[in-house]
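Participant: Quick mapping for you: the protein sequence lines, in order, are chains A and B. Be aware that the first sequence starts at 1, since it is given in the working numbering, and climbs by one per residue. Be aware that the second sequence starts at 1, since it is given in the working numbering, and climbs by one per residue.
You may find that some hints are simply not true.
As the list claims (entries may be wrong) - Facing chain B, a subset of chain A residues (Cβ under 7 Å, in silico):
| # | residue |
| --- | --- |
| 1 | 43 |
| 2 | 44 |
| 3 | 101 |
Claimed, not checked - Incomplete in silico selection of chain A near chain B, CB under 8 Å:
| # | residue |
| --- | --- |
| 4 | 46 |
| 5 | 103 |
| 6 | 104 |
What the hints assert, rightly or not - Calculated pairs, DSS-like style, for lysine-lysine (alpha carbon to alpha carbon, straight line, at most 30 Å):
| # | chain 1 | residue 1 | chain 2 | residue 2 |
| --- | --- | --- | --- | --- |
| 7 | A | 42 | B | 40 |
| 8 | A | 45 | B | 40 |
| 9 | B | 41 | A | 45 |
Hints are computed from structural coordinates only; laboratory data are not their basis. Note that the Cβ used here is the ideal one computed from N, Cα and C, for glycine as well.
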Amino acid sequence: RKEVEQDPGPFNVPEGATVAFNCTYSNSASQSFFWYRQDCRKEPKLLMSVYSSGNEDGRFTAQLNRASQYISLLIRDSKLSDSATYLCVVNWSGGSYIPTFGRGTSLIVHP
Amino acid sequence: ETGVTQTPRHLVMGMTNKKSLKCEQHLGHNAMYWYKQSAKKPLELMFVYSLEERVENNSVPSRFSPECPNSSHLFLHLHTLQPEDSALYLCASSQGNGQSTEAFFGQGTRLTVV
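Only chain A is shown next, with the shape it has when bound in the complex (with noise of 0.2 Å):
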């Protein structure tokens, strides 16, 4: 079975703080990555991709560890409008390349 792990959450952190968020998948086949967000009551929207080498975009880092297994999210300097749940995607193939979600992060920033 081909599965993407998260840590449901949710996180409550303060503004400025860093965070970070785990996801786990379990199909070593596995191609690609992504990390979306998911405001309340919208559809999920890419916030970024993930590479071998690691990529970083303004306050956002994300990591991959194919040997592990895992992937990555950091937030540093945490805004209120990050509040939001983040999904892990990971996409295998199986003739094409499916995105199979995990369940996603939630995430609160309070002042």
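Following the hints, complete the assembly by docking chain B onto the known chain A.
Facilitator: Positioned in the frame of chain A, the structure of chain B alone reads:
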């Protein structure tokens, strides 16, 4: 219009009704997906179409019937649904044969079965 468009945005239907959800993508993608998201639950993959062929059917009850007439359009036909089918139904598309491509979502149809 660009991106992925779903209609209707909201739907209330009785258990004996028949209705259809529509999804249209203007991104030139060749794969389309239906997901179900119930309250407090993760996204559940329902169906996958690649190059207009169904490649994945995740043990979805037969009261849900997908249709993909071309690479830009995807439908989900609904009949004799149950109240527990009330959920947000999300359509997505991607370039299915590109391993690094992300999925783009429509805004979803919020379905209530009464």
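Participant: Which hints from the list above does the structure break, by number from lowest to highest?
Facilitator: As far as the earlier hints go, not one is violated by this structure.
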